[in-house]
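> Turn these sequences into a full structure, and let the hints guide you.
There are 2 protein chains.
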Amino acid sequence: MAKKYVYFFSKDKSDGNTKMKNLLGGKGANLAEMCTIGLPVPPGFTITTEVCKEYYENKKKYPQGLKEQVSLNLKKLEKTTGKKFGDKKNPILVSVRSGAAVSMPGMMDTVLNLGLNDDVVEGLIDLTKNPRFVWDSYRRFIQMFGDVAMEVPHSAFEHALEEVKRKIAKQKGIQDAEDLVQEALNKAVPDTAMDVEALKELVIAYKDIYKKHTKENFPQDPQKQLWYSINAVFNSWNNDRAIAYREINDITDLFGTAVNVQTMVFGNMGEDSGTGVGFTRDPSIGTNKLYGEFLMNAQGEDVVAGIRTPLPIDELKQENKRVFEEIQQIRGKLEKHYKDMQDFEFTIEKGTLYMLQTRGGKRTAAAAVKIAVDMVKEKLIDKNTALLRVTPEQIDQMLHPMFDLIDEKKSTIFSKSGLPASPGAAIGQVVFTAKDAEDWKADGKKVILCRVETSPEDIRGMHASSGIVTARGGMTSHAAVVARGMGKCCVAGAGDIVIHAHKKEMNVGKITVKEGDWISLNGSTGVIYIDKIKLIPAQVTGPFNVLMKWADEVRKLGIRTNADTPADTKIAVEFGAEGIGLCRTEHMFFEGERITSFRKMILVAPEVKKLRDAIYQEKDPEKMKRMEEEIQAPLKQYHDALAELLPLQRTDFEGIFKELKGYPCTIRLLDPPLHEFLPHDEKGQHELAQAMGISFNKVKETVESLKEFNPMLGHRGCRLGITYPEITRIQTQAIIEAALNVTAKKIKVKPEIMIPLVGHVKELDSQKKIILDTIATIKKDRKLRKLPFDVKIGTMIEIPRAAVTADEIAKSAEFFSFGTNDLTQMGCGFSRDDSGRFLTDYVNAGIYPIDPFQSLDISGVGKLVEIASDLGRKERKDIKLGICGEHGGDPKSIDFCHKIGLTYVSCSPFRVPIARLSAAQATLKENANTKKASSQNRKKQ
Amino acid sequence: MAKKYVYFFSKDKSDGNTKMKNLLGGKGANLAEMCTIGLPVPPGFTITTEVCKEYYENKKKYPQGLKEQVSLNLKKLEKTTGKKFGDKKNPILVSVRSGAAVSMPGMMDTVLNLGLNDDVVEGLIDLTKNPRFVWDSYRRFIQMFGDVAMEVPHSAFEHALEEVKRKIAKQKGIQDAEDLVQEALNKAVPDTAMDVEALKELVIAYKDIYKKHTKENFPQDPQKQLWYSINAVFNSWNNDRAIAYREINDITDLFGTAVNVQTMVFGNMGEDSGTGVGFTRDPSIGTNKLYGEFLMNAQGEDVVAGIRTPLPIDELKQENKRVFEEIQQIRGKLEKHYKDMQDFEFTIEKGTLYMLQTRGGKRTAAAAVKIAVDMVKEKLIDKNTALLRVTPEQIDQMLHPMFDLIDEKKSTIFSKSGLPASPGAAIGQVVFTAKDAEDWKADGKKVILCRVETSPEDIRGMHASSGIVTARGGMTSHAAVVARGMGKCCVAGAGDIVIHAHKKEMNVGKITVKEGDWISLNGSTGVIYIDKIKLIPAQVTGPFNVLMKWADEVRKLGIRTNADTPADTKIAVEFGAEGIGLCRTEHMFFEGERITSFRKMILVAPEVKKLRDAIYQEKDPEKMKRMEEEIQAPLKQYHDALAELLPLQRTDFEGIFKELKGYPCTIRLLDPPLHEFLPHDEKGQHELAQAMGISFNKVKETVESLKEFNPMLGHRGCRLGITYPEITRIQTQAIIEAALNVTAKKIKVKPEIMIPLVGHVKELDSQKKIILDTIATIKKDRKLRKLPFDVKIGTMIEIPRAAVTADEIAKSAEFFSFGTNDLTQMGCGFSRDDSGRFLTDYVNAGIYPIDPFQSLDISGVGKLVEIASDLGRKERKDIKLGICGEHGGDPKSIDFCHKIGLTYVSCSPFRVPIARLSAAQATLKENANTKKASSQNRKKQ
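Protein chains in written order, with this note's numbering: chain A, 1 to 941; chain B, 1 to 941.
Among these hints, one or two may not hold up.
To be verified - Okay, derived cross-link-like pairs now, DSSO-like style, lysine-lysine, Cα gap no bigger than 30 Å in a straight line:
1) LYS619/B - LYS510/A
2) LYS435/A - LYS707/B
3) LYS84/B - LYS67/B
As the list claims (entries may be wrong) - Non-contacting residues of chain B with respect to chain A, defined by C-beta distances greater than 10 Å in every case (computed):
4) LYS4
5) ASP240
6) PRO283
7) LYS321
8) LYS350
9) GLY360
10) PHE544
11) GLY558
12) LEU757
13) ARG782
14) ILE879
Claimed, not checked - Now the stretches of chain A that chain B is said to cover, found in silico as 3 or more residues with beta-carbon under 8 Å:
15) 280-294
16) 699-710
17) 760-766
18) 826-833
Quick caveat, the hints were computed from the structure, so don't treat them as lab data. Since this is a predicted model, take the numbers as computed values, not measurements. Idealized CB from N, CA, C, for every residue including glycine.
Printed below as a string of structure tokens:
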């Protein structure tokens, strides 16, 4: 028996099904599948991908038997439709389309309306009473066939079209009709402005062009038309575009393309015909109800062209109740079969319904969640499938206000060079200083703070703003990190904006925005508009919580949050965080008046250190005595300032512990360099001097002496605690005392003290000793035999040296928390504040697939994380491993953390739900892979 | 038979030898050894370390038989010396000293003059006719015995001594004698000012103190004195000091201490007695000739006290020819036995020579080299031993001028907080700007350039200076690196200096140094003096070259140099470099007028980039056309500036290739961030604007726009080449054209093009493509089928990410060069310019044993190097691995590079000889370890 090269499909009968994708291509298999479940698909047949393969293997010769099989199937098609190929009275028209097993959109060729010729045109006009449509179809067919099958240059047809249009323009009396550029001409004379005569003229012109280029007449024989088109599709498999596409997308394991020959149906054959699109559920809110729109006596492109307004699908009940009910039935069939919301196209030809296409429907975030949850209730899918139906990005969308899509589309862009640094949308009036932001907000205004970059001094102003824009800095710049922590919209590193803060204006090219002007930020895309766009509020609804609960049942990773205040902690716990993975103590120092106490400490600390060093080195006991007297005054100031901070920090920790309700809290000791806390401009220094009652010069000198060339690699992290052990001591005291106070109120606490920026185990040891000594002193003072809670001491792994010596460090550390921001900075050598300038080039050039600050650079920084995890576990089997960089809220990075077996991820409060879902998906994907692998193994055995 | 607990030694007979260190302790074994080779050592005996062990194991009881053995040996001692213990007429006095197998200086106790009592004192006065000496010895003995053996507080004796001195002071009529502080009192009444009466009084007072604290009289029985002292020595083994010392120095495998009881001899027993020190060769220049000095009728401390001036040892011939000749004989014996230059002490007691001690003698660098080479000629040692006799630091000393030691000791220190950044010594007049340095030098003056820190703009000023001082920056700061490269003395990061450049002065505390004042720098110690110290020139003599040749025969590591100019290359090749491991192309841009062309390029490059990006993103063809017109002018300026640089670079490379005479040359493409090349002060910017004929604002704006928060992690290295591919292209062109030109002159060339700051293999690939394309164009232009030389393309491994993904990178790179400066910066997270502030704390706290910029942090950064080497070789078996950071010239780091099998190290020209010796020593040490291990294995089998 000859091999089967052609597969027939029609409503009642189908040779193929959806599993035959490799043989029939994606489109062919889908059409077969639709027929299998009894959908009224326009009948047709598919020539297999094997034919394509053999065609190329045999020097472009078709395998034996193909001609016969095509011929047989054509006959079957005529029989099924009751129409005839090339018949003047009742002609059958077909489309010829490519379709490989993997979708290669736009890469290969298509021919529509095949079967038309001079005779059939006449017959079709009789049938449709729509000569304009028929002539338009004919001219399009000639052009498409010529272009696709015979390589007639596209431009030749375009030129002829232009000529006709120019003539019409002249007739319409349009000035300079001869000289209009193409764009203007198309505007003055759209395709729809061509009447039957013009189209007839065009058909003649097109035929001439065809002849001129092919040296033969346009073929009137449909058989010839068909075979030329089939050839064209198979040849298009190896055109440059298609080869390049497969190379770029790394598609290597395909035989070739299939060819689909399908009856064409027309919705414009009179008032009993029509066309429409439908969704099996409401794609914007997810309600389980047919949704869609239709037009009678129209083709799909009429809807697209926007000439007529389509009607809501419910009104089809009035037009044709039978068809409407058929669609309702199909809706049920589709969901039962595909187990997902479907988006479908249909055409009604003379009262008969045809389904042209069905596919998974696009939906909003809210709809995605509702549909997934509802379908579980309806027993269409199980919980795990539901979890995979919603993307983490959709969860993100739901947690923030978004712009009205249509309103946003109409708005004028100010800048699109910024990074989507913190999601959501915001509108407000522009201000250029943190102070102004606070003042305007106090006056009841909504503001957007725009700065070159932000620094810790701006925190209060950032709090007062609806959104933040910076001209410099990347995804983990100060602005971005703080904004995400606050759940505030932020566009960072918009490099094309030039900010003139002194003039209180900014510009991109010639567009200038002044103080008080309204702008709108899209923190999810990074685009800034010079309009006030309509906002749609966040939607955290019932189904959302149901889905999150399911995610928690599945995931293996713990989810913690990065939170520095009781308020943030509260939000995060409500969002499902199971503890704090990173509590940055320095942010506490900026609130209210505490910055003053903190600055007092900084202003005297370097002097204390200098004198201490001198005493350490001095050998003369007389001099030493004198120096020890000299150090008393600054030492007192230093201790006094620290003593002022103690109760403030203690209160903060108490608040946080209370909100955590027994969840663990990883507290990082002071990390940033001291100069970050001092004003860098002379004005601020003058103010500080006055406020402190010291000389301006003293302030200026201290600021100067603390300046660093590369602060990221400078005097920060545990290095501060080594130089100034009192800071470590006072922070430990605040933590332990707060924990004791909260425990006394019958609330459980689990403090975990984390030493930042450790590179060498001895750094950790030195700090650990101070912490243990401080705890011992507290126990002694309070006469406690042991603390009524457990304290863990661990470290950040954020320096490459720490990663490769993690076995040594694990001897001392009870837990590791990967600070992937710094690990990326030092691992890749990218300053997060500067790399914005070239990282875009890098991502564009494909050096990194994505900004490594946004999504963990798995092959590089990830390798360091893996090395450290392995070494850590080797030394201490049960070591707790977490990640607390910005990557803790990134789905891809979370997937990686799951794979290498970390204990938890920690992210900003607003990303906690995203992390919960991502962690669940990571588990599900792993399970699927394991299943696949084991079933493959079974097969092999 | 009872165990042997006591070992006797005397000139003619010795129970022990030098191999019995574990049993007899270091001192005991050495005394035995000296006797064995027939040296006239004052006889005595050693109680073994086993006694100490058993003493502690048996609750401080001595093993049986010890008393008897000591008693027997005492008898033997009396017989040998012909003197008697406690005898009034002919008493024997002994010392009792501790001595473990490992030297623990000052940690345990010693008693001298044991055997003195009220009777013996009288007898000894008769013998010596020196009552002052005898009474002084007696009071010292009482104090030492009381303190050491009976725990009488030291302060009690001190107090009594003070009383006596105060009385003398009053007698001398010194004002306020009662109220003088101790320091002043000791100055007014030194020990030598006490006469016999005063000393007698003191003896009485000391005896009273002794009785008061011990409740018994000072023991007159020498046996009792002896056993009390032996107890004291054994007990001192476990005193707090000794335990702490062993802990700190990780000494764990010792039994205990031995006790040495040795006859005391006195050089002050009359004119036929004397004392002296000798060297078997001249320790300052190495001549093979007895060297030393002596004093007749004196004790060792008389020489130290400086009351009498010792005579050159040659004059001993006149004093006592027999003894002189005996010393000459001993000199020969010592060298024959110890195979090294010895430093010995001797005493002549009544015409009899006694050798008290001999040990390896300290020597100057020049002497060390000469002695090592001479001894090989004399067949005393072999070449390998000679190579191990000279330290790399000594080689360093020889290559630079040094201060006259005595003159330096007398000079006033200005600052000692600086780092020894570039060795040697320099004197000069202080200037504060690079410009002044050039001008003053032009006027024929010697200058020292003092700056807070240096930048590339200062290069010419640095060249004009004799030495450089900076107040900030570490061992690899700009100043340090450049100075070492120039072989110029530099003290960097002298943190206690406050520089007021505008006032043209600087100060440390109250000492102010003004412009034009003379200062002296010791670049090997980091000390700065406010005097003009006498300089001793560098000494690269014949033996030096002989030793270097031997080093080359032994070492396995290749030695290359870091050189950027033909002049440096010449020096390095003369010093033995086998190629350039790092040729930094950017340094070339600072010379002469080229900085102007380079700055032209920088000032227009960002504009070109901005326009290019905009064109890349623009979709509107009309706008694109306009932008492409707009870019033409800046693009031309950009290309013009680059074209100006091409011939200059080409000429440089030609010069370097010529000097290399066929050795390979690794050329690193442009590395530093562009802003380093622009002036940062407004004055400089004004000048630049004028020179370029553009507006000041344009210059200022460019400088501002290029500023970075963390330039070390910013837009530099290959990131420049990715943004500005033309820079890579022009540099490649210069290299290849230069190589062609030099080849045409029949000189071989081996260019190796090195891409800096690669973190991801795709960065390397992108640059490699540009290089290969450029080479292809040159070949096409010159109609060459292939280049007449080999070009290798490789990369720096200086980013941690590159280290852990080195297997990927090795797919593309033909060689790796470890840039350990940057690898340390990023691996440890230390900015080399900022870490000076806390790294000292770190080294002091023992976190790092040594500044990781000075000597490779082997356990951390070294691990990254090892990981990368292993991964690299896994992928490409024959990959060439080098190191070109500052560590390439550090002996410990070189030893590590040898161990992990690198191909070569590269260091600054002046360190090439150091590297040659270090590499040879690394091989020798490895061979020794292998031998040791295999012999241990043999033993086990």
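> Each hint: holds or not?
Against the structure, the hints:
1. LYS619/B - LYS510/A: 19 Å, holds
2. LYS435/A - LYS707/B: 26 Å, holds
3. LYS84/B - LYS67/B: 18 Å, holds
4. LYS4: Answer for LYS4/B: holds, closest chain A Cβ roughly 45 Å.
5. ASP240: Since the minimum Cβ distance to chain A is about 21 Å, ASP240/B lies beyond 10 Å and the statement holds.
6. PRO283: Label holds. Min Cβ-Cβ 29 Å, cutoff 10 Å.
7. LYS321: At about 47 Å from chain A, LYS321/B clears the 10 Å cut-off, so the statement holds.
8. LYS350: About 42 Å separates LYS350/B from the closest Cβ of chain A, which puts it past 10 Å; holds.
9. GLY360: 29 Å, holds
10. PHE544: 37 Å, holds
11. GLY558: 27 Å, holds
12. LEU757: Check fails; 6 Å does not lie beyond 10 Å.
13. ARG782: Consistent with the label, ARG782/B stays out of reach of chain A, its closest Cβ about 30 Å off (over 10 Å).
14. ILE879: Since the minimum Cβ distance to chain A is about 20 Å, ILE879/B lies beyond 10 Å and the statement holds.
15. 280-294: Answer violated; 0 residues pass the 8 Å Cβ test.
16. 699-710: holds (count 3)
17. 760-766: With 4 residues in contact (Cβ-Cβ under 8 Å with chain B), the coverage given for the region 760-766 of chain A holds.
18. 826-833: holds (count 7)
Checked against the numbered hints listed earlier, the structure breaks hints 12 and 15; every other hint is satisfied.
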